[in-house]
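**Q** Residue numbering for the sequence shown follows the working numbering, beginning at -5 and increasing consecutively.
Hints listed in this document are in silico derivations from the structure and should not be mistaken for laboratory results. If you're wondering where the values come from, they're calculated on a predicted model, not measured in any experiment. Backbone N, C-alpha and C fix where the C-beta goes; we use that ideal spot for every residue, glycine too. A hint or two may mislead.
Claimed, not checked - Label-pair restraints from in silico Cβ distances:
(1) 17 with 60: 19 to 27 Å
(2) 24 with -1: 36 to 44 Å
(3) 57 with -5: 12 to 20 Å
(4) 41 with 15: 18 to 26 Å
(5) 21 with 53: 31 to 39 Å
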Amino acid sequence: MYLLDTDHLSVLERGGAPAQRLRQRLQTIAPDNVAATIVSYEEQTRGWLAYIAKARSREEQVTAYTYLQRPLQVFCSARRL
-5 MYLLDTDHLS VLERGGAPAQ RLRQRLQTIA PDNVAATIVS YEEQTRGWLA YIAKARSREE
55 QVTAYTYLQR PLQVFCSARR L
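Between the sequences and the hints, there should be enough to build the whole structure, so can you do that?
**A** Below, the structure written as structure tokens:
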């Protein structure tokens, strides 16, 4: 069993070369052997809620809400522990 922590999920969210390397590694593992925890979801949610609270414009808020939605989508589609 491979457990993705908050750092792994953040790398995947940000994209770029590190995310590509992690995705390639994950493709070699059976999907049933990869999971995330509710703790990672909670940590990411807290981070985006803090960002929303500090947003100075509507545009920043909209962007932050978009990012807030992503961990929820990932968490709902992932195996959870």
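**Q** Taking the earlier hints as the rules, which of them does this structure contradict?
**A** 2, 3
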